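K.L.:
Could you put the whole structure together from the sequences, leaning on the hints where they help?
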Amino acid sequence: AQKVTQAQTEISVVEKEDVTLDCVYETRDTTYYLFWYKQPPSGELVFLIRRNSFDEQNEISGRYSWNFQKSTSSFNFTITASQVVDSAVYFCALSTGNQFYFGTGTSLTVIP
Amino acid sequence: SQTIHQWPATLVQPVGSPLSLECTVEGTSNPNLYWYRQAAGRGLQLLFYSVGIGQISSEVPQNLSASRPQDRQFILSSKKLLLSDSGFYLCAWSPETRGGKLFFGSGTQLSVL
Numbered sequence: 001a002q003k004v005t006q007a008q009t010e011i012s013v014v015e016k017e018d019v020t021l022d023c024v025y026e027t028r029d030t031t032y033y034l035f036w037y038k039q040p041p042s043g044e045l046v047f048l049i050r051r052n053s054f055d056e057q058n059e060i061s062g063r064y065s066w067n068f069q070k071s072t073s074s075f076n077f078t079i080t081a082s083q084v085v086d087s088a089v090y091f092c093a094l095s096t097g098n099q100f101y102f103g104t105g106t107s108l109t110v111i112p
Numbered sequence: 001s002q003t004i005h006q007w008p009a010t011l012v013q014p015v016g017s018p019l020s021l022e023c024t025v026e027g028t029s030n031p032n033l034y035w036y037r038q039a040a041g042r043g044l045q046l047l048f049y050s051v052g053i054g055q056i057s058s059e060v061p062q063n064l065s066a067s068r069p070q071d072r073q074f075i076l077s078s079k080k081l082l083l084s085d086s087g088f089y090l091c092a093w094s095p096e097t098r099g100g101k102l103f104f105g106s107g108t109q110l111s112v113l
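Sequence order for the protein chains is A and B. Here our numbering is used: the first residue of the first sequence is 1, the next is one more, and so on. Here our numbering is used: the first residue of the second sequence is 1, the next is one more, and so on.
Treat each hint with caution, since some may be false.
Stated by the list, open to error - To be clear about the criterion: a stretch of chain A counts as covered by chain B if any three or more of its residues have a C-beta under 8 Å from a C-beta of chain B, and this derived list gives those stretches:
no. : stretch
1   : 47-57
2   : 81-95
To be verified - Which stretches of chain B does chain A cover? Using the computed rule of at least three CB atoms under 8 Å from a CB of chain A, they are:
no. : stretch
3   : 43-55
4   : 100-112
Read the hints as simulated data drawn from the structure, not as lab findings. This one's a predicted model, so the numbers in the text were calculated from it and none came from an experiment. Quick reminder that beta carbons are idealized off the backbone N, C-alpha and C, glycines included.
P.N.:
Next up, the structure:
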């Protein structure tokens, strides 16, 4: 069975602090894809990143970075020097075949 | 470029009334299509997905149904709405190839009163 767990329900940080959002996944498939999406207050989900199961290289995009570790089945997301505009709900997702499995989301509030 | 349209943005319906939400995708062929529901503003629950015209897979038994009458059109329906059907409904599409990104529409906020 496929499953994504985001244990952090809500996180609050003060602006400019770093914050890491955790994501743990379960799958028996050897080929799979992992995603992070951002849902701002407007409601529409915005794609942030996709990784496939064969590529464990960490990735950095501006203030965002992702740490993929197959050994611990984790795909954590770090925001460096957080800003108020980062306030949103963040979803981690797993894809095998045609289906996407989402975690329950982490609500991040960045306090000015 | 590909775009996804979902409407209406908000909808208020009485209990027992019918429902029809429509979603269309432009700029791509044979997409995989999905309906998700987000209750209480949090987790995403997959309701239906479709890999082709007339092919619908249901993930959760309920009083909702979905249809795909055309390649890029996906419709979510109900004959009689329940209070528990209230929520934020999101349509999404992904390329038919494995590992493609999921692209979401802007969502419909449904309130059943």
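K.L.:
Please flag the earlier hints that this structure goes against, numbers listed from lowest up.
P.N.:
Violated hints: none at all, because every hint is consistent with the structure.
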